[in-house]
Amino acid sequence: MSESQVHFYSSEPVVALLGNPNCGKTALFNLLTGSRQKVANYSGVTVERKEGRLTLDSGKNIRILDLPGAYSLYPRSLDERVTCNVLLGRAEGEKRPDLVVCVLSASNLRRNLRLVLAAKRLGLPCLVVLNMLDIAQRQGLQIDTAALSRELGLPVLTSIGIQTNGADDLKSFLSNLDWRNLGVLQTGTSDATLENAASHIAHTESDNILVQKILQNLKLDQIIPDHLSDRLDAVLLHSVFGPLILITLLFFIFQAVFSWAVLPMDLIKTAIEFLGAQITELLPNNWIRSLLINGILAGLGGVVIFLPQILILFFFILLLEESGYLPRAAYLLDRVMGSVGLSGRSFIPLLSSFACAIPGIMATRSISNSRDRLVTILIAPMMTCSARLPVYALLISAFIPERKLWASIDLQGLVLFLLYLAGILGALGVAWILKYFTSEQFRMNALMMELPSYHLPRLGNLAISLWQRAEIFLRRVGGIILIMTIALWALSSFPFPPEGATDSAIQYSFAGMLGQALAYVFSPIGFNWQISIALVPGMAAREVVVSSLATVYALSSASADATEALIPLISSGWSLATALSLLAWFVFAPQCLSTIAAVKRETGGWKIPVIMLSYLFGLAYLASFITYRIATAFGLA
Amino acid sequence: MNLDQVELESLYRVCDVNTPKGAPQIKGQLEDIGFLPGEHVTLLRKGLLGKGPYMVRVGASTFALRQSEARMIEVELVAHV
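First to last, the sequence lines map onto chains C and D. For the first sequence, position 194 (counting from the first letter as 1) is numbered 204 according to our numbering, and the numbering increases by one without interruption. For the second sequence, position 27 (counting from the first letter as 1) is numbered 331 according to our numbering, and the numbering increases by one without interruption.
Relax, there's no trap hidden among the hints.
Derived lysine-lysine pairs resembling BS3-like cross-links, with alpha carbons at most 27 Å apart:
#1 C:Lys48 <-> C:Lys70
#2 C:Lys445 <-> D:Lys331
#3 D:Lys325 <-> D:Lys355
#4 D:Lys350 <-> C:Lys445
#5 C:Lys60 <-> C:Lys181
#6 D:Lys355 <-> C:Lys445
#7 C:Lys445 <-> C:Lys610
#8 D:Lys350 <-> D:Lys325
#9 C:Lys445 <-> D:Lys325
#10 C:Lys610 <-> C:Lys60
#11 C:Lys60 <-> C:Lys48
#12 D:Lys331 <-> C:Lys223
#13 C:Lys105 <-> C:Lys60
Stretch by stretch, here's where chain D covers chain C in the computed footprint (C-beta under 8 Å, at least three residues):
#14 72-84
#15 117-130
#16 333-344
Some chain C residues flagged as far from chain D (calculated, every beta-carbon gap over 10 Å):
#17 Leu328
#18 Pro411
#19 Phe427
#20 Leu431
#21 Ser533
#22 Ala607
#23 Glu612
Calculated directly from the structure, the hints in this document are not laboratory data. Every residue gets a Cβ at the ideal spot worked out from N, C-alpha and C, and that includes glycine.
Turn these sequences into a full structure, and let the hints steer you where they fit.
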């Protein structure tokens, strides 16, 4: 950003929580701040920034910053770079923390202590919290905190991040702290060579020797087996049972996402239709009413309707993440993903994309390899998102006969399955092709992932995370979808049809003109002008195509179920080849502008969204062309 | 001996991390997550047909590594299972 910025820092002191990934830092952060959290991004980068507020016994407020997890203070990933910059006071718009709380996993002191030694060199007041003490005690570890404090020259507190009163020690320490004289906690002088590779290597060796010595002095230098996790892994990562359990689990989650969401989605739909009906009664039939109903209300509805599915999916993903299973799922899938040049880490974003590509694209932040992240973003829209389902449902019920094939499998279900499969295969195919455009070097360290111990998820932490995800989704996506729906409403409504016009109003609008022009482009793949027009407003969200088709066919848009009314119209009006071609189109087509906007946001430029738009358009056109030509050759025209 | 050739469950000690050509940064990454000289390592799982991903315990934490990464880690035997 070139413009100069003025920042107003509040006078409240900032305490930064620093720790390795998987040290239970976020659970501790939740304990300290409860629901008083703000989630945003660090300025200019797509790294999540979590800040909360803690009121001390004295009534004084302090700000607590949950820094991204870091293995060292030598920045290797985007997350670690942000952590370093904040600690050095170089992050744009961030105040340098007044106090650093190093959160250590008590059961993994060795690696965590190296981070403490690096933190001491920052020249910031520092204290140490031994977190997850319960797990360490269960493993039979006795840690002499007084001795550790002497060795490190820093105060050492203990905490249990998953117990309601687990942070009381830390809270009372912070309350009793003299905030005007934090210098007593300052051990080192600021070391500006933190990011210097040579000094990092030098420190790595000396720190390692020091850590070995501390652990020897504390009699903690032997390896500790993790019996519980090992026993669970013997089953969950078994070469036969492991994948079977994973597939069963995924099947169950899918089932839940679609069946549990039916009721809340129906409620939302009913509520929106009710509101629409109320507005219809209250206002005269003019463009304001149309804007309210077809623009704003439809736009809001289009966002909120998918929230139940997204929340259910996120609930399961968070549950698996908290329990420690999710990285193991990535471990199990690494070979499959590796065969197309990706890693197991791409699995979670792609899974999310089955609900909606936007949260999937946001979830790619967990992929440390930037090349893999881009490829995952590019293929995510090919996962069949739930917005495609209304379109599939319409076309399948209009054109695919209801026929039992064998057992409980019927033809309509099989077609739906094939459409899902086509998307997955398309995505894997594109990733496989992209593999040949990347040199070996960029594919290094794609996995290198920690498999934390299993633990029981805490409902409180789940609820906080779920709430934050929902809020982020609504805030980031809501605005974009709303604006686009209103813009597309305007395109489909203006100019008005001339007096005495007999055709549907949309034909005279800008969208209608655009659609009629597009009909030339789409005629080789069998789309008539009605479809071409409906595709224009459908760019807001794929499911809008159904209601747009109803509008084009001059059905009353207020009719409760557009699908029911459309089925006889299109099954007599379209050829089977056209229907199949449209299905093929929807598997690949970059229909939804909100996804494009999300990609632009996450990649920080127009390059990737433009590449994505063009290649998906080409792929969809090709797939539709082949489908239409083959179907025509078989006499289905 | 490199970590991709060792016996499952036996205890080894890290001697060195050998940087491959073209990817010098990977040594530092492996060191950051704990593969430092003197650290104890155990190979827990080798994946289908032994080709990875490998599940490796180093110190008190467990990591998933690919075969190419495991191959960079030079180890010596401490104790058989």
